[in-house]
Amino acid sequence: MKSNRMHYAWIIVVIAAIMVLVTSSIRFAAAALVPYLNDADVGFGWGYSAITLGFSLQWIVLGLVSPYIGEVGDKYGMRALLLFGGITFIGGMLLTGVMSNLWQFYIFFGILLGLASSIFTVLPISGLTLWFRKHLGLAMGIIWSFQGIGVIAFIFFISAAFDLLGMKWIFWIPGILGGMLILGLTPFFFDAPASIGLRPLGSKQDEPIGKPKKDEESKIRASVFLQQAKKTSTFWNLIGIHYWGCMGHQIINVLLVAIVVERGISLELAVGVLAVQQGTGVIVRAGPSPLLRNN
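Note that the working numbering gives residue 2 to position 2 of the sequence shown, counting from 1, and the numbers run on in steps of one.
No wet-lab data here; the hints were simulated from the structure.
As the structure is a prediction and not an experimental result, all values here were calculated from the model.
Each residue gets a CB set at the ideal place from its N, CA and C atoms; glycine is no exception.
Heads up, a few of these hints could be off.
Claimed, not checked - Straight-line Cα separation of at most 25 Å, BS3-like style, residue types lysine-lysine; simulated pairs: (1) LYS134 with LYS204; (2) LYS75 with LYS231; (3) LYS230 with LYS75.
As the list claims (entries may be wrong) - What follows is a list of derived Cβ distance ranges for each label pair: (4) ALA192 with GLN228: 19 to 29 Å; (5) LEU198 with LYS75: 22 to 32 Å; (6) TRP10 with LYS230: 32 to 42 Å; (7) VAL224 with LEU181: 30 to 40 Å; (8) ILE11 with GLY45: 43 to 53 Å.
Whole structure, please, built from the sequences with the hints as guidance.
Take a look at the structure:
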């Protein structure tokens, strides 16, 4: 008999989407602050090359730690690492809000927030795949659309409130509220359906519910598999395709607002251009999802 009760997999989608929305938005939306960081009269007077290095550090950290985040999550548990990521995110946002030197921008914004963003880019997505046998494409589309929605929301928050709140509270408000939301949701994010006695969404009703194996033998088996995977070109190509693709378009994203302002257009309209770009991404990511609903 088929149950009409919503599968907990969709709760996992909502939790993962919120985590991605909160932590990824700062990585892209902070491009709206580049003119301020560059302005010597009202901001810090940093050069564009120095500013872009801070943004690049986030992607460098992402590239360096992402292959190992899943491994650490398997060893210590996803929720433990998500809690660590939430605390790191709050700390990075608070410290970035009170930075006064370029080296602080690199450490607080580039490295700390880069680490937090890496955790929430890898773990919720990898964990999500264990919950679906069908509709995985739709679930992924929802999550990445939420990322774009978060970017747009933070862009307009910066545009509307920066003059009133200043740099400190522009980072502190989403850092504190978003970080606390992440910490509050983490206990409800389960590593696998079997952790709460469920089967993956779309699996057969007679399929046995396999309890997660955490014994030493399964850990060794997973470790050996990962070591073998790392020796293949496919493993690194999969990482490289996503990493270098994101790194490439981020060059445009970071300097887009600054380029528009340099052409004599107002900051408000320049921020609007960035918002339109991100909004287009939301539509493009969400659009194919219904076509993938059975995948």
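Evaluated hints:
no.	hint	verdict
1	LYS134 with LYS204	holds (11 Å)
2	LYS75 with LYS231	holds (21 Å)
3	LYS230 with LYS75	holds (18 Å)
4	ALA192 with GLN228: 19 to 29 Å	holds (22 Å)
5	LEU198 with LYS75: 22 to 32 Å	holds (24 Å)
6	TRP10 with LYS230: 32 to 42 Å	holds (33 Å)
7	VAL224 with LEU181: 30 to 40 Å	holds (38 Å)
8	ILE11 with GLY45: 43 to 53 Å	holds (47 Å)
Consistency with the previously given hints is maintained throughout, with no hint failing.
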